[in-house]
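Enquirer: Protein sequences appear in the order of chains A and B. Numbering-wise (this note's numbering), the first sequence opens with residue 1324 and increments by one. Numbering-wise (this note's numbering), the second sequence opens with residue 8 and increments by one.
Just so you know, the hints here were simulated from the structure itself, not pulled from any lab data. In this text, a Cβ means the ideal position worked out from N, Cα and C, and glycines have one as well. Check the hints yourself; a few may be wrong.
To be verified - So the derived label-pair ranges between C-beta atoms look like this:
no., chain 1, residue 1, chain 2, residue 2, range
1, A, D1374, B, D96, 56 to 64 Å
2, A, E1938, B, G116, 55 to 63 Å
3, B, T15, A, H2104, 52 to 60 Å
4, A, G1837, B, D96, 45 to 53 Å
5, B, T35, A, Q2147, 24 to 32 Å
6, B, D96, A, S2132, 26 to 34 Å
7, B, G116, A, Q2147, 53 to 61 Å
8, A, T1917, B, S43, 34 to 42 Å
9, B, A33, A, R1833, 39 to 47 Å
10, A, L2152, B, T15, 33 to 41 Å
11, A, R1833, B, A10, 56 to 64 Å
This is what each chain is made of:
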Amino acid sequence: MGAGADRRIVVVGNGMVGHRFVELAATMPGLAVTVFGEEPRAAYDRVHLSDYFADAGVADLALPPPPAGAAVHVGERVTGIDRAARVVRTDRDREVSYGALVLATGSYPFVPPIDGHDLPHCHVYRTIEDLDGIRASGAGAAVGVVVGGGLLGLEAANALRNMGLDTHVVEFAPALMGTQLDDGGAAMLRGMIEDLGVSVHTGRNTLRIAPGDATRYRMEFADGGALETDLVVFSAGIRPRDELARDCGLAVGARGGIVIDGSCRTSDPNVFAIGECALHDDRIFGLVGPGYEMAKVAAGVLSGREGVAFKGADMSTKLKLLGVDVGSVGDAHCRTRGASTYTYIDERERVYKRIVVNRTGKKLLGAVLVGDTADYGMLLQTMLNELPLPKHPDALILPQRDGGGMPAGAVAGLPDSAQICSCHDVSRGAVVAAVSEGATTLGAIRECTRASTGCGGCAPLVTQLLNAELEERGIEVDTDLCEHFPHTRQELYHLVRVERITSFEELIGRHGRGRGCDICKPAAASILAACWNDHVLEDSHAPLQDTNDHFLANMQKNGTYSIVPRVPAGEITPDKLIALGQVAKKYDLYTKITGGQRIDLFGAQVHELPLIWRELIDAGFETGHAYGKAVRTVKSCVGSTWCRYGVLDSVGMAIAIENRYKGLRAPHKLKFAVSGCTRECAEAQSKDVGVIATEIGWNLYVCGNGGMRPRHADLFATGLDDETLIRFIDRFLMFYIRTADRLQRTSVWMEHLEGGLDYLKSVIVDDSLGVVADLEAEMEHVVGTYECEWKSTIEDAEKLKRFRTFVNSDQGDDSLVFVRERGQRRPALASETASEVA
Amino acid sequence: MSAPAWTTVCELDALVPDVGVRALLADTQVAVFRLSPGDDIFAIDAFDPFSKAPVLSRGIVGDLEGQLVVASPIYKQHFNLRTGQCLEDDAVAVRAFPTRVVDGQVQVGC
Ligand code: SRM
Ligand SMILES: Cc1cc2nc3c(=O)[nH]c(=O)nc-3n(C[C@H](O)[C@H](O)[C@H](O)COP(=O)(O)OP(=O)(O)OC[C@H]3O[C@@H](n4cnc5c(N)ncnc54)[C@H](O)[C@@H]3O)c2cc1C
Ligand code: SF4
Ligand code: FES
Chain A
1324 MGAGADRRIV VVGNGMVGHR FVELAATMPG LAVTVFGEEP RAAYDRVHLS DYFADAGVAD
1384 LALPPPPAGA AVHVGERVTG IDRAARVVRT DRDREVSYGA LVLATGSYPF VPPIDGHDLP
1444 HCHVYRTIED LDGIRASGAG AAVGVVVGGG LLGLEAANAL RNMGLDTHVV EFAPALMGTQ
1504 LDDGGAAMLR GMIEDLGVSV HTGRNTLRIA PGDATRYRME FADGGALETD LVVFSAGIRP
1564 RDELARDCGL AVGARGGIVI DGSCRTSDPN VFAIGECALH DDRIFGLVGP GYEMAKVAAG
1624 VLSGREGVAF KGADMSTKLK LLGVDVGSVG DAHCRTRGAS TYTYIDERER VYKRIVVNRT
1684 GKKLLGAVLV GDTADYGMLL QTMLNELPLP KHPDALILPQ RDGGGMPAGA VAGLPDSAQI
1744 CSCHDVSRGA VVAAVSEGAT TLGAIRECTR ASTGCGGCAP LVTQLLNAEL EERGIEVDTD
1804 LCEHFPHTRQ ELYHLVRVER ITSFEELIGR HGRGRGCDIC KPAAASILAA CWNDHVLEDS
1864 HAPLQDTNDH FLANMQKNGT YSIVPRVPAG EITPDKLIAL GQVAKKYDLY TKITGGQRID
1924 LFGAQVHELP LIWRELIDAG FETGHAYGKA VRTVKSCVGS TWCRYGVLDS VGMAIAIENR
1984 YKGLRAPHKL KFAVSGCTRE CAEAQSKDVG VIATEIGWNL YVCGNGGMRP RHADLFATGL
2044 DDETLIRFID RFLMFYIRTA DRLQRTSVWM EHLEGGLDYL KSVIVDDSLG VVADLEAEME
2104 HVVGTYECEW KSTIEDAEKL KRFRTFVNSD QGDDSLVFVR ERGQRRPALA SETASEVA
Chain B
8 MSAPAWTTVC ELDALVPDVG VRALLADTQV AVFRLSPGDD IFAIDAFDPF SKAPVLSRGI
68 VGDLEGQLVV ASPIYKQHFN LRTGQCLEDD AVAVRAFPTR VVDGQVQVGC
């Protein structure tokens, strides 16, 4: 439309996209806008339609009123277009002529033509009137069925569930949300939804809706099954409303939709189409974002601006369905040729994550997230900006539990235009600018950019970006141990060593403030023990210890303790087994074989601990340090002594290792294993230190982990003789103790170690830092000063004083309640205690 | 409010500074702490409302945000030693008891 042409614009449809167009066009000089909307009210927020069921009223859903000057006629439907005369006609017999016409008629819900689809209490889910109808049908109803297990169907199901109906979802396809999710994601979602009490019926084709017995209706399926229900909501997809366009001869797609080009023009240059009714590049966009983009383009073109074009849109989505976070990015189904996938499934926490990468593994093509969408923003940006992936792309979805978050480089590599917060359209550049202007906390960023104040899903991304920017500017990210020490554990370790500090008072006096707390005290205790190997029960150390270290036993949930004697390598004589059994029986201790090849005795009170230990020590046992951040177990397989495949004596080596390092305190617990051959029955590759026998000697693995975040150990050295093996382990352990952070297992330490495995090898094997002599000497000192803490405790009358259940009584705590189960006692459950008391 | 009934629980010297002990009163168990420096004595209910186990005497003491606290050894919530107030949850507090030292004997009032 050139200058001087007819500047009158008529818009058909006053939905979300039509409304956005009016907002934009009416402010452009010289354009006169007239709008017809068939619904009885002005445009409202359809995306949040379901809030109407929660407690939003019509007013809450209303969109801002159109700019003055736009003439909006609601409750008036356009019934015909005369393109030659440039006139539209309405159902109120009004005729209005236009210079340009904009069709924003949206779409209608598809209702499968099954028998009974038009009975009362059968609804769709698109307008406020639909929801009023559903609410009315819900009164006095017991059961509701949603036909269609897509995104909108599940939203409708949530509404029915909230109305207190026994809710069912019937889906024709074999899985839920087939458009957005792959099979694995759909299965996880299904499980979560079913747990909420919503029944899911997939692969079911509804034949008819017939009268019911106990309920209003009976839905009958092609497979012979049936479902009783009081109301039905159809949500089986949407179809573009292109009837006006068809009637006046505009081009429409084979499966519907008004064909448009990049300027949003239809086959008639004076007619535009935008939103869900438009077909661009053979695609319909059922989301509001692309519709808004089209509105912007059409308004731009009509006001004479060049160069604006609609280029298609990304259909990635993130939403909460029935309280379940679901995200779908790009090629979620891995349909690109040559693509491959990585999947992470946590069945316990109910998390499913899958990423799709291209043939070379360098580019992200898509992702599916169920149960945890924290990574959505990062993944979407990585895909849209074609950022290079980390060497191991699975890092993008594996949980980063140790202060991590996404791999650091990722967020730094984003272009400034990358959208970080989609709720408030905040770009990376805007966050960076805010940091430059002095916003150095998440709270400050929130205040000045609004990023992460919507759904909050982008908070991890914003935090990461913030930290990266602060680091870039040389501003410290707070890594203080706690409010009492402005240092990391590693720094404290160095201070203790360098200044030969031997007590907490000295440490906090020189380098800290206040009295300390349950974070810094145990950390200091562990450093002091690792450096000087003092008895952990020295009175000056006593207040620093967790109760486990204080009483040399592990506190259980009812306040009693467990006892774990050391059983080096899991080898135990019958006499010792009998002795253990006798002690357990005498003190009525619950007895269990642990996952670490030893025996745990549970349920002792403080005053019983020394009595029990005296008997165990007499029988030849030592403490197992199960209570300490210390060496735990060295697991072994039976090895060459008995096993037909064993090539070396794994039990002998495991015993030697366990005896060498027992008592060693560390930033976190340490676990070892020795396998007699590569069949690996001792699972050495999941341990901090793993040793596997081969024909040419021992292979040494380091930094493996089971537990919360399993990590395969790295092969560190091969074909070692006994002596070299021990030497390497000495150095490795001491280097870890010196440099790791509080509560950092070797696996996490390794991941944070700059230079990684190669660096570690250079330090330990090639002595690149010139420290191995020191490391060995330190280890020699610790090994040489080992004593069994329990043995020295029961021999020391002073130390024994603390083992009293009550300071003013010799008796035990008889308020503890136990229950016998499978021949042993266990703590009573809350429910059992209640009945016991009653 | 009537004057508290005092129960002697132990000698002052029996208390290791900053290490709690548990004491039996007529119908409750209390956690008693001697803080250093200063030798102040505090007593709160030993029963941890979160784990529902009588364990508070066995927590680590210290200060947080200027308040003297003990951390539950089970789920690590902190309780103010003077008032019994839980720092993590305003709605939760344990009972705090008056204490005094008479002739080198530690007493808890109830
Ligand atoms: C007793 C035992 C379970 C059993 O009945 O088998 C056990 C019991 C506990 N484990 Fe474990 N773990 C036991 C073997 C394991 C194993 C298997 C193994 O060692 O081969 C693992 C995985 C291997 C690993 O550590 O890499 C294991 C991974 C954990 C973790 C997670 C560590 C991680 O890095 O993710 C914790 C939590 C922690 O340490 O922070 C934990 C913590 C605990 C605690 C200390 C939890 C607590 O704070 O109360 C439990 C103390 C029980 C007690 O009072 O004795 N336990 N725990 C096992 C004792 C083995 C032993 O003889 O010493
Ligand atoms: C329950 C629900 C949840 C949704 N959630 C999301 C979401 O989370 N994210 C997202 O991006 N999208 C979501 N959507 C989709 C989003 O609402 C639509 O993409 C958006 O509303 C499309 O806008 P539109 O203007 O093209 O169509 P509509 O909003 O449908 O507006 C079209 C309007 O035109 C009127 N009309 C049609 N023909 C005529 C005529 N001849 N004369 C006069 N008026 C006419 C219609 O009555 C209607 O009011 C959701 C939709 C629903 C129903
Ligand atoms: S897995 Fe370990 S920590 Fe968890 S309950 Fe079992 S013993 Fe306790
Ligand atoms: S993406 Fe929702 S708040 Fe930022």
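Enquirer: Please go over all the hints and tell whether each is borne out by the structure.
Expert: How the hints compare with the structure:
Checking the proposed 56 to 64 Å range against A/D1374 and B/D96 shows it is violated: the Cβ atoms sit about 31 Å from each other. Take A/E1938 and B/G116: their Cβ atoms lie about 41 Å apart, and the range 55 to 63 Å is violated. For B/T15 paired with A/H2104, a C-beta distance near 46 Å fails the hint of 52 to 60 Å. At about 23 Å, the CB distance of A/G1837 to B/D96 disagrees with the hint of 45 to 53 Å.
At roughly 30 Å, the beta carbons of B/T35 and A/Q2147 sit within the given window of 24 to 32 Å. Our hint of 26 to 34 Å for B/D96 and A/S2132 holds, since their Cβ atoms are close to 32 Å apart. One distance hint, 53 to 61 Å for the beta-carbon pair B/G116 and A/Q2147, is violated here, with the actual separation near 41 Å. Hint check: A/T1917 to B/S43, Cβ distance near 38 Å, so the stated range 34 to 42 Å holds.
As the Cβ distance of B/A33 to A/R1833 is approximately 46 Å, the hint placing it in 39 to 47 Å holds. At roughly 37 Å, the beta-carbon separation of A/L2152 and B/T15 lies within the given 33 to 41 Å, and the hint holds. A hinted range of 56 to 64 Å is violated for the C-beta pair A/R1833 and B/A10, which are about 46 Å apart.
Figure legend: structure checked against the earlier numbered hints; hints not met, in rising order: 1, 2, 3, 4, 7, 11.
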